[in-house]
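Construct all of the structure, not just a fragment, from the sequences and the given hints.
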Amino acid sequence: MSFTSWQYALFLPLVVVLYWPLPRLGRMALLLAASYFFYGLWDLRFLALLMASTGIDYFCARSMVGIREGRAKILCTTLAPIVWLGGCSFLGQSIISISPTSLIVAGIFPVLFVPMHEWIWTWSEEKRRRGFMWLSVLTNLAVLGFFKYFGFFASSLLNLLGAAGIDPGWTLPHIILPVAVSFYTFQSVAYAVDVYKGKLQPATDLLTFSAYLAFFPQLVAGPIERPAKFMPQFTQAARWEWEHLHAGLRLLLIGAFKKVFVADNCAEIANYVFHPDATPNAPWALLGILAFAFQIYGDFSGYTDLARGSARLLGINLSTNFRFPYLASGPSDFWQRWHITLSSWFRDYVYIPLGGNRCGPTRTVVNLWITMVLAGLWHGASWTFVLWGAYHALMLTAYRLIPGLGALETATTRGKRLFAISFMFVLTLFGWAIFRAQTLGGLEHWMHAMTIWTPTVPWFRAACWLFIHILPLILLQIASRHLEDESELGHLSWWSRGLIFFALFLLFASSSTSEQEFIYFQF
Amino acid sequence: MRALTRSFLLFLTLWLTLELAVRFIFVSTMEGRFDYGYHPTAGFQEVDDKVNLKRTGGRRFFPQSFQKERPKDVYRVMVIGDSVARGTSVHESYTGYLQKELLVAGIKAECLNLGLPGFGARRKDLVVQQVLKYQPSLVILHVGTTNEYEDEREWGKKESFNSPHPKNWLMRSVALRQVYGIKTEKVDGQLLPQEVRAIGSAQDAMTEQIASKDPEKQRQWTQFVEATTRESIKRLQDAGIPTLIVTQVNFEINAQQVTLDDRSISNWIGDLVSDKVLLLPMKSVFMPDQARKLFMDSAHVLPEGHRLIARSLASLLKEKGWLPLPLQK
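Chains as they are written, first to last, in the working numbering: chain A, 1 to 523; chain B, 1001 to 1329.
Mixed in with the good hints there might be a few duds.
Derived, one-sided and incomplete: chain B residues facing chain A with beta-carbon distance under 7 Å [claimed, not checked]:
1. 1011
2. 1167
3. 1176
4. 1191
5. 1196
6. 1268
In short, the hints are calculated from the structure, not lab data.
C-beta: ideal position from N, C-alpha, C; glycine also.
Rendered as structure tokens:
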């Protein structure tokens, strides 16, 4: 169920109407049911994975602070995945196929987890706390690693062996990537680490924690919330205010406009230029990458606004994820504006634990490269994402080591700042070419197109068309340029807001009949 | 904090105002929008005693005008067909060339091109029903089997859009429909190159290609074309309107061998011929060795091909004595 689908337009109001009259635990139960229903519409099978992750994180976090749950409760919780998969297998044979391997793994899960939990409890206190933290972190990373990266690394190894003339005769299994796995595993890791560090008290009940981890507005593509800010919104019942409705509807409208009008339309040009059969020349290659820059921004920031708007209607505040990213004056500034919750996650849970910039310039650069390559790989199991991460690491290194560039990023004079923003925008565009190409061959195809100046399909009208679809977004951003939240319009007069809402609504309606999936759902 | 803010009320007022304005001002151009060519009168705009053919409501007629009541001395020919009959313009279609042939012969002819791209038998029959109102002296019906996929697809869209399904609730607003129409037809249609749009519609083209290669589907479509064409002809005969059928031929090259294939239309179309129904197979107009120079693709004919069809039509009408007497010079 996509946020811009008619199904969601019925589902969300229904949940909101049922939610507010309920007491806190009732709300949690409703949120959990709604979130599992929302997630289950993509693939019922992977709810078992979410249940398993929920159980491990909940019990590990409780154990870290010395609360030992009863064995029966742990057993019942860890049996949930196999019961769910068994039920699906038994009742839904005609619509879904459950592989025997999945059933075996789900069956082994309680057999492994319950004794391990008991065993770690026999350790001394500090060792036990660390043991539960690592159990939670490693289990989440193992899930992510297996579903997202096993196929990629295994096929890369096969290719490497093939190049060396060795045929190991392996047949790789086809592994389906579960929707949202990159997001909820990162949120789980943050939860385990924060509880271990004492920044956060663990959830008091399993229901609240399950609703927290599966919260449907941000489950599929973030924002990746920090438990310390996010969890209290579940443990304390929000009070109804009209502001929730107003802010929620505003964010939903802005998000729908960004996704449907900007992103989905820009995708037409980007898809054409990056299509393997297309033969673009340099103007088209430039148009294509410009279109993709606004496609991915409109798509992901639109998704974030839709998620924030949905959550706000339920009285829950989600983090801002974008802050005018194309006004960044350098790569460091860019990552404080683009997918902020992911970059701050990598900063706090990878870069700083690696030593950050505290261990000398060489180590800082090494840490930067590790962090950025991992951030690239997080986006997808492909060498182009690794290359994209490395490209950003290279930019960060260059801006750090070359004095002129570093000064450019922090320039305050108008002319220099304008130049810095323009220069960074060009660098960002090249990064998007790596990101969008999907394969190294695709990147080569685009780079080759940049060298062709012979006329092909006339491009000027297409450039005008693209401009028509980008301009309203730019104007919207100008309206809120001095604010921290790029989707805030509260500082404008009521009639300006009314006109903007109406204009955005018309633009949304002008493109609303074709529904396309969000890019970040695949990550 | 109030439930309704002033900005929200302004938004609602603007929407309501636009809705009313569109309902009153653009009422004629709204006709048949989202009926995907299945609206009976869309594209025929009657203003006083004139009828304007317009691009609207799923009908993309070339803009033309004619008198609602046919003047007695005018020989009115209405050509109903798909993109092949439509051609690239009225003047370079066989409708335009036929008008020239008849005018040269001294006949006060008014030939109207009612060709619509992608229209199969079902939607052509709706146009036939509409033209009965305008007293044609002759209807030329272009019959082919290559558009049944589009007819089926557009029927599905029409049914889907006109259902009470929640996905259509937003577009119940005529103002939003108008905005959507302007965006897709004026902005996308005129600025976005065909090559770019083709990538987006590649899936649809693939579906059509797969369906076209399915012999069972082909058989069903041929039966459907036959049944619907029979109905159209009966309608015209009941109204006493002379009819001329032009049958489509497709140009194919197999192993350097050029063939002209009418997709089995000739097996049944002959049954419809009578003293009031003539037949001109395109296959009889072109020789296979000419075809390479006369077709722009497997179905569409270049202007020179249209000229040859028009010449054959004029000859056939003259030979059968269907043409009125030339005007006295």
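Taking the hints in turn, this is what the structure says about them:
1. The beta carbon of residue 1011 of chain B comes within 4 Å of a beta carbon in chain A, closer than 7 Å, and the hint placing it at the interface holds.
2. The interface hint given for residue 1167 of chain B is met, as the beta carbon of that residue sits about 4 Å from the closest beta carbon of chain A, less than 7 Å.
3. For the restraint placing residue 1176 of chain B at the interface with chain A, the shortest Cβ-Cβ distance is roughly 4 Å, inside the 7 Å limit, so the hint holds.
4. The criterion of a C-beta within 7 Å of any C-beta in chain A is met by residue 1191 of chain B, whose closest approach is roughly 4 Å, and the hint holds.
5. Nearest Cβ of chain A to the Cβ of residue 1196 of chain B: about 4 Å, under the 7 Å cut. The hint holds.
6. Taken as an interface hint, residue 1268 of chain B does not check out: its beta carbon lies about 39 Å from the nearest beta carbon of chain A, beyond 7 Å.
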